[in-house]
Amino acid sequence: MTAVVERDRIDPGARLLGLLRAREFGIALLIVIVVLVTAINNHNFIKADSIQQLLSGAALIALLGVGETLVIVTRNVDLSVGSVLGLSAYLVGDLFKYHHIPVWSGFAVGIVVGAVCGAVNGFIVTVTRVPSLVVTLGMLYVIRGVLGVIVNGHRIASEAIPNTFSAVGYRSFLGLPWLAIIVALVVVVVGYAMRSYRPSRDFYAIGSNPDAAVLAGVPIGRRVFTAFLISGMLAGLAGALFLALHTQIDNSGGTGYELTVIAAVVVGGVAIFGGSGTVVGAALGALLLNTINQALVASRISAFWNQAIAGALLLAAIAFDRWLLLRNTRKLQAAEGAHRDL
Amino acid sequence: MTSETSALAVSPVRKDPERSPGNADRQPLWRAAARWEAGLVLVLIGVLIFGSVESQSFTDPSTVFFLGINIGYIAIMALPMTLVIMTGEIDLSVASMLGLSGAVVGYLWHHGWSIWPAMFVALAVGGVGGLLNGFLVARLGLPSIAVTIGTLTLFRGLAEVLLGSLTIPTVGDRQFPESLTNIGAQSIPGTQFSYSLLIFVVMAAVFAVVLHATPLGRSMIAIGLQPEAAAFAGIRVNAIKLWLYVLTGVISAFAGILFTLQNASVSFNAGTGLELNVVAIVLFGGVSIFGGRGTVYGVVLSVAIFGSLKMALTQMNVSAEKQNIITGLLLLVSVIAPNTGALLRRVGLRTRRARAQP
Amino acid sequence: MAPAARLALTGATKSFGAVRALEDASITLFAGEAHALLGENGAGKSTLVKILGGVYRGDAGALTLDGQLVDFAGPAAAQAAGVSIIYQEPSLFADLSVAENIFMGRQPVGTGRRIDRRAMERGARDIFTQLGVQLDASRPARGLSVADQQIVEIAKALSFNARVLVMDEPTAALTSVEVLRLYEVIKTLRARGAAVLFISHRLEEVFACCQRATIMRDGRFVRTAPVEELTIDSIIRSMVGRDLDALFPKTVTERGEVVLEVENLCSALVFRDISFTVHKGEIVALAGLVGAGRTEVARAVFGVDRRSSGTVRVNGKELPNGSPLAAMAAGMALVPEDRRQQGLVMDLGIDQNVALASLSRLSRLGLIRRSSERDLATTWAARLQLKYGRMRNPVSMLSGGNQQKVVLGKWLAREPLLLIIDEPTRGIDVGTKAEVHRILDELVANGMAVLMISSELPEVLGMADRVLVLREGQLIAELTRDEANEQSIMRAATGQTTGVPA
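Going line by line, the protein sequences match chains A, B and C. Letter 172 of the first sequence, counting from 1, is numbered 172 in my numbering, and no numbers are missing. Letter 214 of the second sequence, counting from 1, is numbered 1214 in my numbering, and no numbers are missing. Letter 477 of the third sequence, counting from 1, is numbered 2477 in my numbering, and no numbers are missing.
Looking at chain A on its own, in the form it has when it is part of the complex (with noise of 0.2 Å):
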């Protein structure tokens, strides 16, 4: 074995190709490819409402997907974002309907929900340990029912919904869609404070070596708890906004979206065993998934193949993500000499 390699500071070269090497370049990438592919063959598809269509598209994936991200990097999963979502959509829609509430207090109405359901979740797998996949499992299951019994098998319509509240839906700015933007909002948000506060390191942390993060006197039942607390509280602004975007809903919002985000977020370059990925690359691998889904319509090629690519594409991601790790251990191996290895 050869003494410590010189590795000296590194210079903005070395950054700039360090910010190329980067997941999240790789995927924006990716979606220009595909965009552009798609554009030679049918020039409607750079056309402004085609993109705002795609941005829109995704925005409740990525939205979902940030929360998501909190909770898988802590060595987490929360499968029941799809339930909190149909269940705060028609609880605002609700209120709306029957309580005629002001508008601004919709997206409230729906954050409160998420976060009551999220400190459910967080509640019962910090202080009862059991695994997460089973408990927001279960939590699936019990919040879709919790919501069918309020539905009742009654649905709420688009009169109910007040306008200026659904044209955060369909209304843009500057070319962007509203709901773009406050998704976009919350990723560079989310996205800052998970690289740049004590706290959101701490998620790092627990997910990459827990019992390291014990050893460290990281307080890990309180971060889980609150990775599950914003999952909820994201997954009840994406059921706010899912009612803004599609001005109706009965009791089946959001069914199955939890493994559509899992994807999203996988294919985003988040480990699925924690400890690593960003809520920037999760938000783009949800856009990566829906550009690919609408590049297919604008195509004219059956859109029944949407989910075919999509599967075909997350299968591609995991196992990429695995050889670009393969990879690196061995060249890190081979420059050090080194025997054994984290």
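Because the hints were derived from the structure by calculation, they are not lab data.
Examples of chain A residues toward chain B, derived with CB under 10 Å:
| hint | residue |
| --- | --- |
| 1 | Val77 |
| 2 | Gly138 |
| 3 | Gly148 |
| 4 | Val151 |
| 5 | Asn251 |
| 6 | Ala308 |
| 7 | Ala317 |
| 8 | Arg322 |
Which bits of chain A does chain B cover? Going by a derived footprint, with three or more residues having C-beta under 8 Å, they are:
| hint | stretch |
| --- | --- |
| 9 | 126-133 |
| 10 | 262-275 |
A virtual CB, placed ideally from N, CA and C, is assigned to each residue, including glycine.
For this one, chain A is given, so just place chains B and C on it according to the hints.
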């Protein structure tokens, strides 16, 4: 060395072996499992009493038949899922494979194939799909939860590609042979068993024997508890996992054929979301999500509980939504209950510590 | 004499259930000294270390730090008070940067409590400069060598202004160059006024870098003395409490025909060109430092890992690559290094563990016969004098020594021709250790071939007929029983053919 002469001289047997020190409250696996199943039996009895009291038609023999029709194909998928979870992995693609298999049968039937070859091809597709899962998980070592979410989407997508918006048989299309679709309407002569229930019972017996009495089953348990130790004992960890995925694929495809024949129709979204039902049943049956712990008996009891509860509630006109709540709560209670002992101890410890420090 | 004690532990006692791991142990550390803590495995060293580090609370005893009575609520509290422990296998956050690993939870923050990454990396670099090592603070911890991981842990301790550093076998996985670098780092730490508690099984290292030594045996304090007053012999006598010969029975056996032939065995990264043979009726020891590739050679021979080239033959028949099953069928058995992860399925019963490698033999018509399984386990439990409660109890309830007997039973039940045994007595109490040695001796006397890997030189010297020394993945020397002694083995293992390298 030859087998008749042992290398080791026989040493004197020490009398009265002492109990070794260790955590005294740690229970042998089998005893914990036995207790769990005893609990399930009580729950089942409770559900049966509840059903007979609350619903007049519950004691009707036809209840057994409809129970089989309603839960048979789900229960069948729960068996290979049990083995997969026993080895510490998971397969979320089962319900999509059910849909894909139905789509294959429907597509080929629609294109003039006769039913038996179509069914055979569907099973083969199940095997290939399982092989893909197995290859990615066992050979490449990718996380099974992510892989099978991927194949969940992929298989469902392929079903969609095959069928499009078609529902087979559409009006004017040729019907599936009645002799086969009868399995959805008739019970086995002389009994109230539906065919799917009978198949499940037979398969459950086979799975129970394999898991609990054969070297293969023991190997799966060892893999789930400690994969490295299993590999060092000469167990072919990856090969077993690979073939388990293939088996799961084939059986899911088989469940898809049953589902198709029972309903005498096919659509690409058949059984969407069932994967989580299957997982819930297996976990409620006492199989640990971390692998290595659980029994086929527990899963069978779990099937019986879920099935009869669903029947009772449906007969009482309880909405599907409320049934959802009950499903979820049962699952939550089932995983939280065994942990309460440890939980109370932790709380107690904390209080004692807090008291110790003035 | 030295200044006031930096840290003093007096009268520490700790029991786990009925087992008394530590009884009335005391140790005093002065500022600026490197202090060795010596004792066999199971002597209570790690329990003592865990009490110092706040992982355990002693049942009795007092801990003072700079004259103040302290009681740590947990590892974090100990660390904050200036007591840091560097474990043999550091546990870092693989996904986070080196700098963040050092400052986890205490990252320097700027305006608005935002983490100041530049300041954090500068802080890490400053510490590395003080330690005289070069390490990129911004790279992720994933892929660091064990030596570099330890440096990161030491840097973390320094960032806490550690007054006491406990190093638990820090050199076990290091190469000779890295060990020298570690000595330098320890010197720096001492110059800063820190007290270093140094645990090592390599006694030469104690003389090379420590001023005083404390020796423990069976959970009790034996003696503390300046190293000048100690010799290797006197240390071993204090550690073991009896003469070496009693520990290592050695029946003189006629060496038989070749059982195992390994030719030009290579792996992708770890070792290359390994050739050796093992005969019937002999113990061949694979010696070398941890990380030299000994365990990896054993794994490749048995087929748990694939070899990249080379051949393995048992009784002249070549084994396929990467198949433990074929190796077992050919008569090979492997008792692995890590009992808890590799040797046993901890939650299964004793009988099921013993049966695990013989399942097909215990089956009829494809079904396992419970009675045969029980008989097999009972037979081997008796032969190996296993102490147990019930056969169905999980092996996790057994002591380390009895667990090792279960692993042995599992393999001996197959009546192998060749037994590969990796660290046969790691983490086993002294009494059982002697039993394991006796068992090995009996096996060989009855004609078995044994390939033994051991980090404990006395064990190698006491048991082996031949010693193969590995260094950095290469077979460096083959020594006969007469040629082998502490000096010749260590010289080969560390590559110190001509004195100490600069």
